[in-house]
Amino acid sequence: MKKFLRALGSIRLALVGMVLLGVGAALSYDNPAGTPVWVLVAPLALLAINLFCAIATNPRINRRPGLLVFHLGLFAIIVLAGIGRLTHLDGQLEITEGSAFSPDELTEVKKGPFHGDGLSKVAFIQGSYTVEYNAGMVRGLTHSQVLIPDGRGGMISRVVGDDRPLVLEGYRFYTTYNKGFAPVLTWMPDQGEAMTGTIHMPSYPLFDYKQDSNWTPPGGKPLRFWLRLDTGLRQDAAWLLDGKKASGVLVVNAGERRVELLPGQSLRLEGGSLRYERLTSWMGYKVFYDPTLHWLFVASVVAIMGLGAHFWRKFGVRMQRTHESSITDTPVASSGRMP
Amino acid sequence: MNTFGDIIGRATELPWLWAGLVAYGLATIVVIAGVMRMPHRAAGAMAAHDSYVPSEKARTWHGHEKLVLVLVSSGVALIAIALAERWVRIGHGPFVNLFELLMSQLFSLGLIFAITYWRVPAMRASAVVALPLIWVLGIWVLTLQPVDTPLPPTYHNDWLWAHVGLGKIFLSLCLIGTGLAGVILLRHSERFAPWFRHMPANEVLDGLAWRFMLLAFIFHSLMLVAGAVWAQDAWGRYWSWDALETSSFLNWLLLGMGLHARFTYRVPLRAGAVLIIAVFVFAFFTYFGTPFYSEAAHKGVI
Chain A
4 MKKFLRALGS IRLALVGMVL LGVGAALSYD NPAGTPVWVL VAPLALLAIN
54 LFCAIATNPR INRRPGLLVF HLGLFAIIVL AGIGRLTHLD GQLEITEGSA
104 FSPDELTEVK KGPFHGDGLS KVAFIQGSYT VEYNAGMVRG LTHSQVLIPD
154 GRGGMISRVV GDDRPLVLEG YRFYTTYNKG FAPVLTWMPD QGEAMTGTIH
204 MPSYPLFDYK QDSNWTPPGG KPLRFWLRLD TGLRQDAAWL LDGKKASGVL
254 VVNAGERRVE LLPGQSLRLE GGSLRYERLT SWMGYKVFYD PTLHWLFVAS
304 VVAIMGLGAH FWRKFGVRMQ RTHESSITDT PVASSGRMP
Chain B
129 MNTFGDIIGR ATELPWLWAG LVAYGLATIV VIAGVMRMPH RAAGAMAAHD
179 SYVPSEKART WHGHEKLVLV LVSSGVALIA IALAERWVRI GHGPFVNLFE
229 LLMSQLFSLG LIFAITYWRV PAMRASAVVA LPLIWVLGIW VLTLQPVDTP
279 LPPTYHNDWL WAHVGLGKIF LSLCLIGTGL AGVILLRHSE RFAPWFRHMP
329 ANEVLDGLAW RFMLLAFIFH SLMLVAGAVW AQDAWGRYWS WDALETSSFL
379 NWLLLGMGLH ARFTYRVPLR AGAVLIIAVF VFAFFTYFGT PFYSEAAHKG
429 VI
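Line by line, the protein sequences give chains A and B.
Residues in the first sequence are numbered consecutively from 4, following the working numbering.
Residues in the second sequence are numbered consecutively from 129, following the working numbering.
No lab work stands behind these hints: they were computed from the structure.
Every residue gets a Cβ at the ideal spot worked out from N, C-alpha and C, and that includes glycine.
Any given hint could be a false lead.
Coverage of chain B stretches by chain A, computed from C-beta distances (three or more under 8 Å per stretch; other residues unrestricted) [said to hold, decoys possible]:
#1 282 to 291
#2 355 to 369
#3 403 to 411
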């Protein structure tokens with residue numbers, strides 16, 4: 004049994020595992036759609052077994068505290084990364100200014116099979132945002148205001164953006180370049196209740212030339228919208244994208260009819276009326292959840308500290324000796340193997 | 129539209145950079161001339177080594193070595209001024225375009241090489257290999273325009289500093305290991321072997337080189353961790369197999385395999401030296417090659 008464990012924990016198997024992991028990493032470059040996940044999982048599993056057996060049986064590891072900590076750390080990283088993938092969540096969110104977060108609005112969701120239902124506990128309301136632009140339309144800092152429950156029935160304001168995510172219940176919301184404007188429309192059918200909603204126009208200013216969208220009223224004919232914006236956009240100088248200072252004329256194409264609406268104006272259509280209430284904005288977030296993040300960091304740092312301690316203990320003094328031997332111009336014989 | 133003349137005219141850091149490169153160039157010439165002249169004295173000393181008692185001065189410094197250290201240190205100081213000048217002018221550190229990345233590498237490689245040159249006499253003659261390698265970057269930076277690139281919003285993060293700084297230490301330690309490995313390989317050439325006769329035996333250089341590589345491995349690992357924390361903050365994921373991440377992870381694996389092989393098996397000296405150089409070449413490709421096959425080295429950088 005011990006012989007078997009030693010074979011599983013051998014350096015040779017570690018080298019094979021590392022080569023396989025290298026191949027898997029190369030195949031995973033840029034996350035190609037056709038590459039199966041096992042090209043990484045299989046070598047990592049092999050290396051986890053190899054590490055575990057090496058820690059248990061190899062005295063060159065388990066009798067050297069620094070090396071032991073390093074290899075235990077590596078083992079922990081592999082295990083934690085595995086747990087992370089099984090419980091993670093990745094997704095995208097477009098949320099309108101003034102509206103509350105709803106998990107149902109997440110798109111492009113990828114999650115592990117053991118991901119819980121923590122997202123349902125997340126609550127916040129999207130506020131307004133500003134984005135700085137340098138000359139040449141180079142994006143600068145994003146400041147996105149969010150309102151979160153303070154636990155006493157009220158709300159507190161927080162500003163997030165770029166590398167300052169909103170973290171709630173372990174879920175991390177990152178602002179993205181994807182943001183834009185949304186006309187608020189009310190559809191008043193001839194019979195039935197009025198309904199108010201927003202139409203998210205394409206990302207701005209990335210698609211400032213293409214601010215159009217489609218919507219079909221219930222029981223009506225398709226409508227085509229085009230938003231003519233005035234945001235103060237400048238190509239040649241620094242500029243601030245601020246939804247509060249933007250205005251927009253909504254151009255509605257209903258069949259052959261073309262009508263321009265200002266905020267507050269209505270349009271009579273077949274089956275009801277459409278009112279353009281006001282212009283608002285939407286922000287795109289990337290949503291990320293991985294409960295192992297902090298533990299991964301701790302395991303990584305502890306592992307490297309272990310290796311550093313091993314280096315210091317093994318070579319700290321010897322390096323000094325090497326200097327001393329070298330300055331006498333004396334060739335020093337060695338076995339060719341590191342001590 | 130900015131013309132070439134406008135860009136050069138604005139780049140007040142260029143004279144300092146050029147002066148620093150001249151200092152590095154002079155250091156390279158002095159070290160090569162120095163080791164070419166040294167064998168006769170050193171060989172004599174070694175032949176009579178049992179009775180040879182070097183003076184206190186000779187114990188530490190060979191004739192040209194202090195001048196090399198002064199020149200490299202001057203180069204580091206001049207490039208530091210160039211970096212500071214540029215930093216003040218454009219308002220951010222050297223983190224974005226290739227020109228400033230090369231410039232900062234010239235600084236960090238020179239600085240760590242100078243410190244090691246001062247503190248580890250056994251590696252000094254390896255400057256014959258290491259300094260020309262630094263000069264590859266020097267020539268490259270001369271071909272680039274010192275254009276100003278705004279700092280992306282995700283670069284306003286303290287972990288970026290840690291990530292970049294640790295990476296620079298890693299590459300510098302690799303360079304020192306590569307210098308020593310280069311000496312081991314050059315000693316197999318009849319033409320170059322006499323240049324290094326005053327240096328310790330190959331076995332000692334090999335041991336020293338791998339110690340630097342182990343240290344490089346530690347800093348590479350720290351760089352990956354700091355980079356992962358930065359990536360998590362900046363782009364909402366700690367790892368995404370983008371061009372730099374994949375390449376640096378492969379580099380980490382290669383070095384890890386090399387260390388396992390070196391510490392466990394009797395790797396022939398020449399094979400070990402080739403492996404060290406391979407790690408350095410891979411690292412060099414990772415740092416400076418990714419812009420050629422990836423639009424954005426790190427996803428989300430823009």
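Broken hints, numbered, in rising order?
Hint 3 contradicted; others consistent.
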